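For this one, chain V is given, so just place chain P on it according to the hints.
In order, the protein sequence lines correspond to chains V and P. Just so we're on the same page, this note's numbering is the position in the first sequence counted from 1, plus 4. Just so we're on the same page, this note's numbering is the position in the second sequence counted from 1, plus 849.
The set of hints was computed from the structure by calculation and includes no laboratory data. Check the hints yourself; a few may be wrong.
Once the Cα atoms are required to be at most 25 Å apart in a straight line, the calculated DSS-like pairs of lysine-lysine come out as [stated by the list, open to error]:
{"id": "1", "chain 1": "P", "residue 1": "K1295", "chain 2": "V", "residue 2": "K198"}
{"id": "2", "chain 1": "V", "residue 1": "K198", "chain 2": "P", "residue 2": "K1320"}
{"id": "3", "chain 1": "P", "residue 1": "K1492", "chain 2": "P", "residue 2": "K1432"}
{"id": "4", "chain 1": "V", "residue 1": "K198", "chain 2": "P", "residue 2": "K1243"}
{"id": "5", "chain 1": "P", "residue 1": "K1483", "chain 2": "P", "residue 2": "K1432"}
{"id": "6", "chain 1": "P", "residue 1": "K1492", "chain 2": "P", "residue 2": "K1227"}
{"id": "7", "chain 1": "P", "residue 1": "K888", "chain 2": "P", "residue 2": "K934"}
{"id": "8", "chain 1": "P", "residue 1": "K1229", "chain 2": "P", "residue 2": "K1492"}
{"id": "9", "chain 1": "P", "residue 1": "K919", "chain 2": "P", "residue 2": "K934"}
Values in this document were obtained by computation on a predicted structure and should not be read as measured data.
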Amino acid sequence: MAITFTTPARASFLLRMPKLPGMRFLAGNKKARLALIILVPILLLTAFASYLPLQGPLQTNLRAMMQEPSFYHPFGTDRMGRDVLARTLAGVQVSLLVGFSVATIALVFGIVLGTIAGFFGRTVDRAIMSIVDIFLAFPSLLLAIGLVSIVGTGLIPVILAIALADVPRFIRLQRSLVLSLRSRAYIDAARTVKASQWWLMSRHIVPNTIAPLLVAGSIAAANAILVEASLSFLGLGIMPPSPSLGNIIRDGQLYLQQAWWISTMPGVVILAIALSLHFLSDGIREALDPRARK
Amino acid sequence: MNFMQPITDTVLQVHDLHTHFLTETAVVKAVNGVSFSLKPGERVAIVGESGSGKSAMAMSLIRLLAYPGKIVSGEVIVGGRDITKLSEAELNGVRGSEVGTIFQDPMSSLDPVMRVSEQMIPPIMRNLGLPRKEARDIAVGWLDRVGIPDAAGRIDAYPFEMSGGMRQRVMIAMALSCNPRLIIADEPTTALDVTIQAQIVELLKNLTAETGAAMLFITHDLGLVARFAHKVGVMYAGKIVEFGSAADVFAHPRHPYTQSLLRTIPNAAGAERERLLQIPGFPPDMRNPPVGCSFRERCAAAQDRCAVSTPELTFRGVDHSAACFLPNGLNDAPAPPKPVKRAIRLSNEADLVPQQDILEMHNLRKHFPGKATFPWSKPKTVRAVNGVNLRMRKGETLGIVGESGCGKSTLARLLLGLDEPTTGEIFIAGIAQMVFQDPYSSFNPKMTIFNIIEEPLIVTGAGTRPERAEKVRALIKQVGLEESYLDRYPNQLSGGQRQRVGVARALALNPSVVVADEPTSALDVSVRAQIINLLCDLKDDLGISFIFISHDLLTVRYISDRIAVMYLGEVVEYGPAEDVFLKPAHPYTRALIDAIPTPDPAIEAQRSINIISGELPSPLNIPTGCAFASRCFKVTDRCREEKPVLVAHSQKRDAACHFPL
Chain V
5 MAITFTTPAR ASFLLRMPKL PGMRFLAGNK KARLALIILV PILLLTAFAS
55 YLPLQGPLQT NLRAMMQEPS FYHPFGTDRM GRDVLARTLA GVQVSLLVGF
105 SVATIALVFG IVLGTIAGFF GRTVDRAIMS IVDIFLAFPS LLLAIGLVSI
155 VGTGLIPVIL AIALADVPRF IRLQRSLVLS LRSRAYIDAA RTVKASQWWL
205 MSRHIVPNTI APLLVAGSIA AANAILVEAS LSFLGLGIMP PSPSLGNIIR
255 DGQLYLQQAW WISTMPGVVI LAIALSLHFL SDGIREALDP RARK
Chain P
850 MNFMQPITDT VLQVHDLHTH FLTETAVVKA VNGVSFSLKP GERVAIVGES
900 GSGKSAMAMS LIRLLAYPGK IVSGEVIVGG RDITKLSEAE LNGVRGSEVG
950 TIFQDPMSSL DPVMRVSEQM IPPIMRNLGL PRKEARDIAV GWLDRVGIPD
1000 AAGRIDAYPF EMSGGMRQRV MIAMALSCNP RLIIADEPTT ALDVTIQAQI
1050 VELLKNLTAE TGAAMLFITH DLGLVARFAH KVGVMYAGKI VEFGSAADVF
1100 AHPRHPYTQS LLRTIPNAAG AERERLLQIP GFPPDMRNPP VGCSFRERCA
1150 AAQDRCAVST PELTFRGVDH SAACFLPNGL NDAPAPPKPV KRAIRLSNEA
1200 DLVPQQDILE MHNLRKHFPG KATFPWSKPK TVRAVNGVNL RMRKGETLGI
1250 VGESGCGKST LARLLLGLDE PTTGEIFIAG IAQMVFQDPY SSFNPKMTIF
1300 NIIEEPLIVT GAGTRPERAE KVRALIKQVG LEESYLDRYP NQLSGGQRQR
1350 VGVARALALN PSVVVADEPT SALDVSVRAQ IINLLCDLKD DLGISFIFIS
1400 HDLLTVRYIS DRIAVMYLGE VVEYGPAEDV FLKPAHPYTR ALIDAIPTPD
1450 PAIEAQRSIN IISGELPSPL NIPTGCAFAS RCFKVTDRCR EEKPVLVAHS
1500 QKRDAACHFP L
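For reference, chain P alone in the conformation it holds in the complex:
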C-alpha cells in the first residue's frame, strides 16, 4: 500500500470528532465536535473540569477508549492516515511508533510482574526493526536521558522497585523510545509530588524541544498550563470553547467560561485578597446536552440567541479563537460579575492577644515502629512527626505545607486524637474537628445527610431530638445548602455539596479549631473557590481557627495568616504567610515555591526557577544532620553533621537552617 503523504506541517489534525459512550440506559455524548491541529514541536494543553470530555477526546486520538466508548464520527489524521478508519493491526503500527502515550498513574500503566527491560525492548525491536541487543542499547540510552541513575543496571528492575517519580520517567522513556512525532499525555504529573512534578515538567519540556515531537497533554492544573504549554484548548461540555496561545488566552480570555475559570483561582501576584469568583450552577448532563451554547445557564452574558443556536469557534486574533457570540465574553455583559468586595480579612497582630493561645504543641513526636529484619536487631522506626513545636492564637489560620510524606497528615491525626503521640503534648482550648480530603469516603454511604450532621450531636449527647434537628437545619443553612438536602444520601450529592456537608459536620460541636486536610484537592477548580470562600466566611463570622493543610501553595497563601513548612516530620520554616511566600528563608521553602507553577504565563516566563533534584529520603533513614541536606543547593559539611534547630530568623519568622537565604 502506498499512502499519499500530504505535504503539510501538521503532526495531528482532528476534524469534527464525536465520541459517545453507549451505556445501557443512555448515550453519553462525551466529545461533541472537536477540531484542532498540532504542529511539530508544539505543546498543546487541553484543560477542563472532570466530565468535560478531555480524557475521552485524548483517548479517541489513539482509539484507546474504554468500553462502551465509541468514535461516532470525525477524522483523526496522523501521518496522513485517518486513525478512525484503521484496523486494529494497523493501529498497533501507529501506537508507539508514531504516537507515544503517557498515562496518569505510572503504577497501573506499567506491568508489575515484568521487568522494565521486558516492557521496553520488544516495542523498540518491533517498531524500529532492530535486533535485541541494539534495542536494549537504545532503551538504556533513553532511560539515561530521562534521568534514571545507573540506567544500564536499573533497566532490569521491576516497577515496584522504583519510586513514583522514577516510574513516570520510565513511562516517558517508553513513550519516546520509538521516536514518535506526537506524544499524548493524560495528566502526566497529577499523581506526583510537587517537586517531582516540576522535575518531570522540565524533562518533558527539554525532550520535546530536542526531538521535535509535538505534545498534547490533558490537565486540570492551570498553573501547569502556564508553565508548560505553547497553546491551550479549554474544553467545556465536550467542545473546545477557546483555543489559542497560552500567553494570549491567560492575558485576554474571550470565552465566559475561561474568564470565569481564571478568576476562581487565587491571584498569582497575591497582592489583593479579593473573594474568589464562584461559577454558579453545574455543567450540563451530557446524556442530554442542551440546545445552543452549553455554558449559557451559568453565563452572566447569556442572551436569547444563546439558547437557539450554538456559537462556533471564531478567530479573535492571531492564533486565538473562542466560541462565543460576544467579542469579549463576560466583559460585554450588561452587568459583568464583579468580585464581591468583601475581602478576606487577615488577622491583625493587634487582634491576636498572646494570652489567647488556642492551641499549643510541645515537642510533638509520632514514631511508627517497623518490623525488625531479625528478632535481635533493632526495628527501624518511621519518624512521621519528629519534634514539632507550634502555637496558634484564637481566630488565626495556620497553613501547613509540604510534600507527601512530610508528616502533615499525621500531625492532623495527632491534633484530633486519632493517634496518640509518641512523646510531647498538645493543649487545645475547646475541641478540634476535621474536614476531610475526600468528601465521599468520609461519609457512611448508608446514612442520610441529616444523620451524618447529627451524628456528633448524638454521640456527645447534646440536646433533645428536636433541638438537634433544629441545630442540623441551622448548620446546613450555614454552609449554603437547602434543607431539602438533608434527606439525601452522600452519593446523590456533587463533590462540592459533599464538602459543604463535611464542613457542616465539623461545625456541629462548635469547635475552636477546625483542621482541614487538603479540603479542596479532590474537587474541580470551579468548586474549589466555593469551598475556600465558605471557609473564609466561617472564619470571619464564627472566629474559628483553621489549620489548613495543603500542597497547593497559592491557596494556602491566600487563606492563611501564618505558614508552617514541613519537611520529613519537622517544621523547617514558620512565619506570616506573605513574608514566607515572598522572602523564603529556608532553601526548602524556596524550592517548594519554585516547584509550584503559577497560573500566569507572563509570571512563569520571568521566574528564575531552581528545581531541586532528588527525591524525599526515606523516613526510615533520616540523615543525622539537616534532613534537607541531600537535596539542598547550599549544603556544607556542617549541614551533614549538625542538625539545625528552628530558631528566630527575623522578628516574626523562624527557620531551621544554618545558612538561611
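For reference, chain V alone in the conformation it holds in the complex:
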C-alpha cells in the first residue's frame, strides 16, 4: 500500500506551482538560465568538495609546488604545493556563506525598519532615517574596513561589517516602496473596516514589497562576495591559512609571472559568481515586472 502517500493536498500544491509567474518565467528567461547554468555546478562542486579526489585545502605538498594546471590539479598548485581548486572551492563556501548571510541580514533589518519608518512616518521615520543617512554617508568598503579594524578579523566580523553597510540601503529601499504602497486604494479599503496596523503591514504592504527586495537582495549578495574578497585581499578578512577567494588571490599575486593560475583561477570564479548573481537579479526583475521585458 505504498501508493496512498500522495495526498490530494500535496498534488494540488504541485499543480499550483506553475501559477507563480516568477517560477515559470525564470525557467524561460535567458539571463536567469545562464545564471543557473553557471551557479548550479559551482554550488554542487562546493557542496561535494570533500568527496572529490582532491587533496585537502590546507594540505601542503612541498614536492609539488607551483605546478601548472593538470589532470590531478585542475587549477594548479600554489607556493606550498596546496591544490588551488580545493582551496578555491573552500573559498567559494566562505564567499557564498558571506553573500547569503549579508543578504539575509540586510533583508530582515531592511524590511522591519523600513516598513516601520515608511508606514508610521513622522517622528519614527525621522529618527530612523537620520541614522540611515549618517551610515549612507560612508563608502561601504571604508565602513567595513573601519569596523573590522575595531572588532577584529574573521568570518563573523566580516559578515557583520558588510551587512552594516547594506542595512541602511535596504531600509531606504523598503521605506520608499512602503510609501508608494501606503496610499493604494486597497489599504484604504482595509482601513474602512478598521483593520489593525499590524494587519495592514503584514497582509497588504510587506507581501507587495518582496519582489523588488529580492532583486536588490541578489545584487547585495554579489556585492558582499566582492567586498569580502577585497577585505581578505587587503588582509582584513578571513585570515590564512583558512582559504577565502580574496586571500588566495593575495597569496598568488607575488608569483603572477611564474604561476599565473594561483590568482587567476579564483579570480575567474569570483567573476562568474558575481556576474551570475547579477543576471539572476535581472531575471527576477524581468519575471516580476512584465514591463521590463522587451
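Structure of chain P alone, referenced to chain V:
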C-alpha cells in the same frame, strides 16, 4: 517629384486598413479591414469600447503606432499620397503640415522642460518656411484664438505652469498652427473636467468650421458624439460595424451592437427609469478573431449564416451603412431583447420617515494645511470640504456631483473614517462601506478574490472559518458571479467582474450606507449598465442607502433620489434628483447640466447651451463672497462681498445663491 493630385473632395481616404500588433506570443489583429473617407470640414467620431481597435486605427493614419504595431495592408490616402508607403522623412512633411494631432493627455504630450514657444515655433518655421519672428507671431495668434489670455506673454511659459485645460488649448493651437487639412484627435477631452470639456468642444467646433479642416476624433463618450460629430463610425472588434450621420445613427441604429450600446445608457429624456440593457458576454479575443460576424455571440438576432460569412457594410439609406445581414438588426430578431420591466423604484416621500435618519453631517470641514512660504507667515490652507450639512434617510440614494477638486471625494473619505474632519460631526446609524473608483487598484494583487471578500469578516472577527466561507459564497452570488471566481486573482478578472467583487466586499459587513465613488468611470459603457443595475437591485433588495459620487450627471440622475451639487467644498444645491435636473436653482448646477452632453443629437441640437467660462479657482484662495462669483453670469457686487448660505429655495429644495434661477 510631381505627384498627381486626384481631383476629389476628400481629405482622407482609408481603404481596407489592417493593423496588427506582432507580440512575442501572438498576433493581435487590432484593425481588421477599415474603410471610410472624410470630406473637408467634416467632423467624424469613431466610437467603440476599449480594445475595439479605435486608437490603433487612428494612430495608423499617421503611422504613430507603438511597437510592435504594424500596418499589414491597406491604403491611407492624404493629399493624394499613400501614407503607408511614405518614408519616415516624407512622413514628417505630412505630420503637422497636412495632418494635425491632438492627444488625450496634454501633460504627457507636451515636453515638460521646454517652453511652449520652443515646441510651437520650430514646426511652423519648417512647415510654412517662415523666419522665426513671423512664425512666433503666427504662434501667438493661434494661442490667442484658442482662448489663452495674454498669449504673447504666456507663449514663453512652461507646460507645468498651465492648467490641464490650458495645456489642451496649447495642444489644439499646435495642431492647427500649420493649417492642416485634417486633424486627428484621440480622446481630446477625456482627461478634462466637464465644464472645461464643454469649452474645448465648443472651441474645436468653431475652429474646424472657420478653417475648413476635417476632423477625426476618437471617443467612448456617446454624449460627446451627439454634441460634436457630423458623422459617426461605430467600431467593434477591429471593424467599423456602422457608419453614418450622427443624427441618423442615434435615431435609427441598424447594427445590433449600436442598438444595444444606445440602450445601455440612461435615457436622455430621463422620464422613464427602465432597467438598463446589459450586453451579455465579452468582446472577442483579437489574437484569434472568430470566423463570421464578431458580434454574433452577444447578439440576440444571430442566425446560422452569421457564423459562416462576415457581413459587409451595406447602405441603409443616405450616408448610412451597417454591417449586418438583417435590415433592422435586433428589431428583426425573433425575440428582440425587451427591457426588463422591473423599473428602478424611487423612494417615496411617504416611505421615508424623518425618524429614520441614517446619516447626518453637521458643519463638516476638512482643511489641509499647506507649507508656509516663510516661517513667520501664516500657511495657506486648502479647504477641501468647507462646511457641509447633509442628512440621509434609510433606503435613500444621495447623488453627489461636482467637478474634480470640489471636495466630493474628500467628503467620502470623511464619511468612511479614512480622514479625520477638521471640525464638525458625522453620525451614522450602522456602518459605512465603500466601492472604489478603480476596481483594480482597490485589490491587493497578491490576494485571491476569496481572501479579498473575506478580509472585512476576518478583521472584524465575524464568525468561524466555515461561517465566513459560507458568507463569502453568498456574497459572490449576490453580485452575480460564480463561485469558481473565488480562487482567482484580481488580474484574472475583467473590469466589470472586478467591480462586482468590489461591491461584494463592501456588502460583507452588512453596511447601512455604501459610498460609491465614481464606481463606473473606469469601466466601458456596456459594463457600466451592469454595475448600475446591480446597485439598483441591491438598493431594492437590501434597503441599503447609497451615496453615489460622480461627475456623470445622467447616471446620477438615473440612480439617485436626491442630488447634492458641490462647488469648492460646499453644497450649493440640494434637492430631489428630477427637480434639480429639470429646474436647477443655482447657476452652477445649470452650468454643469449644460456642460454635459446628452447622447441624443436631436436633444443636443435643441438645447440652448450656456458654457461657463473660466476655471475652478484654486482652493487655496477661496473668494470671500460667493465661491462661484468668478464664473457666474448673474454675478453682482453683493455676490462678491456677501457669502450666500444654503437656504430653502422651495419646499423640497435648498440652494446657496442670492439670486436663484
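Status of each hint after checking the structure:
1. P:K1295 with V:K198: holds, 20 Å
2. V:K198 with P:K1320: holds, 19 Å
3. P:K1492 with P:K1432: holds, 23 Å
4. V:K198 with P:K1243: Holds, because 23 Å separates the two Cα atoms, which is no more than 25 Å.
5. P:K1483 with P:K1432: holds, 17 Å
6. P:K1492 with P:K1227: Distance of about 23 Å is within 25 Å: holds.
7. P:K888 with P:K934: OK: P:K888 and P:K934 at ~22 Å, within 25 Å.
8. P:K1229 with P:K1492: Roughly 20 Å separates the two Cα atoms, so the pair holds.
9. P:K919 with P:K934: Answer holds: P:K919 to P:K934 is near 13 Å, not above 25 Å.
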